[in-house]
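Listed here are the chains, written in short residue letters.
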Amino acid sequence: MHQTALDARHRALGARMIPFAGWEMPVQYSGIIEEHQAVRTGAGLFDLSHMGELWVEGPDAGAALDYAIVTAPSKMAVGKAHYSMICTPEGTVIDDLIVYRLGERRWMVVANASNVAPVVAALKERFAKFNVQFDDATMRTSLVAIQGPNAAAILQPHIEFDLPRLKYYAGAETVACGVPALLARTGYTGEDGFELFVAWDDAVKVWDTLMKAGEGHGLKPVGLGARDTLRLEAGMPLYGQELDRETTPFEAGLSRVVKFDKPGDFVGRAALERAKDAPRKQLVGLKLTDRGIARTGYPVYLPAAPAACGTVTSGTSSPTLGASVAMAYVPLESAAVGTVVEVGIRNLRATATIVPLPFYKRST
Amino acid sequence: MDIPGTLKYSDEHEWIATDGTVGVTAFAVEQIGDIVYVELPAVGTMVEATKAFGVIESVKAVSELFAPASGKVVAINTTLADSPETVAADCYGAGWLVKIEMSNPAEVAALKDAAAYGAMIASH
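So the protein sequences, as listed, match chains A and B.
Positions 728 to 1091 (the working numbering) are the ones given, in order, by the first sequence.
Positions 170 to 293 (the working numbering) are the ones given, in order, by the second sequence.
It cannot be assumed that every hint is accurate.
[Stated by the list, open to error] Selected chain B positions facing chain A (Cβ under 7 Å, derived; list incomplete):
#	residue
1	Glu199
2	Ile201
3	Val228
[Stated by the list, open to error] Quick list of the computed label-pair ranges, beta carbon to beta carbon:
#	chain 1	residue 1	chain 2	residue 2	range
4	A	Gln883	B	Asp251	39 to 47 Å
5	A	Lys802	B	Ala221	31 to 39 Å
6	B	Asp251	A	Lys1003	17 to 25 Å
7	B	Asp251	A	Asp971	52 to 60 Å
8	A	Glu1060	B	Glu181	56 to 64 Å
No wet-lab data here; the hints were simulated from the structure.
Nothing here was measured: the structure is a model prediction, and the numbers come from that model.
Glycine included, each C-beta is placed from N, C-alpha and C at the ideal position.
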């Protein structure tokens, strides 16, 4: 089991630690609801050092990435980032990714902790005929995220970069809290926020500086528990729940991500072209109108139907909405907003309505 | 951690009073985290010692509630439907769960007293 460079900090803060994707990670500090609200109203500090940082450099790096994943990193401007996916030749999802372009011939791909090994294996295989250097920097890179409406105000005095100049989904190499950092305006919470990729041991300096800087700004350390409720409210998919090797990007509502208009072949193109107009299921948002909480794996029914037509992928009691919400896969013909369905919760059926995603969108 | 001496305790972290009132312990509350939903059986339901009789849910997870003694449910705490957080706020008082008319009071004698329960959670 790996520990992040901030392990002692988490324990000193009284975090409850859980095993997650081969790492011991904080699931909560003061409580999931309190941490969730801190990110929505003030700021939250996250240790995400378990994520995978994969560097792709060289004369063919752009072309290699265009071939390996579903977006067109070669077309992205230096200093920009985008959401992407790496798919199987059958057009299903191996992982969802954030790709940063940091130079003419230099990109960083961020993979989910649970998928670093399969993503590395797939990229290496797909890069074989290209002139690229591939470097898995996961074990020497820490990632600290600061998210929430006060994130910019807390971070600005401690970073050698004018934050208003950094647009959403952009990145820059700079100095943060006295250490070299890759700064990105990205996140997984539905709020404004920043991610700081730093050398492994430098995470302690970044964490301590921002924890102190956040005093008076409502900053709290936030664990994986609230990270999950925040991303769920924001309608963001989680690999292993909404995304997997049984699911195409179109079924997950991510058609916009797949760039068929890029030149050349890419892994999965033919299958994805076919899958585009033939989704077998559709990801929807559910709001329960009965009591109860829909959890991962619970069946979804059409009213009074004996057999399930779908499955809940994620669900919780939403701290922001004060309602029981879920994401679920249902058949296309039952996926329209306003459709009434039932969720099987133990031996009962709770009525739910299909609602638009995301559940929560920040007002600014 | 609060462990009232007047109650008996199950290994699953429920308490039962001599009148059959059942709840969860402060230790259980701490383990569960933010409580957002409690599902209790209907009055009249027969419950069996060590068997699940309901669930308590946090934002993150579902935990089963296990009956500390067998018998018939004669009352449930209906206020928890709208205020599940009461369980965490006052787990030995206003946050009680159900009241059981015990069919075999000898089962309670076999439960842990406060000292034994305290020792069990200390070794957790």
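Between Asp251 of chain B and Lys1003 of chain A, is the Cβ distance one that fits in 17 to 25 Å?
46 Å, violated
When the least beta-carbon distance from Val228 of chain B to chain A is tested against 7 Å, hint result
5 Å, holds
Do the beta carbons of Lys802 of chain A and Ala221 of chain B sit within 31 to 39 Å of each other?
56 Å, violated
Chain A contact restraint for Glu199 of chain B - C-beta distance below 7 Å:
10 Å, violated
Distance restraint hint 56 to 64 Å, applied to the beta-carbon atoms of Glu1060 of chain A and Glu181 of chain B
44 Å, violated
Take the C-beta atom of Gln883 of chain A and the C-beta atom of Asp251 of chain B, compute their distance, and say whether it sits inside 39 to 47 Å.
43 Å, holds
Could you check the hint for me, namely that Asp251 of chain B and Asp971 of chain A are 52 to 60 Å apart, CB to CB?
37 Å Cβ-Cβ, so the 52 to 60 Å window is violated.
Using the nearest Cβ pair, does Ile201 of chain B come within less than 7 Å of chain A?
11 Å, violated
Taken one by one, the earlier hints fail for this structure at numbers 1, 2, 5, 6, 7, 8, listed in ascending order.
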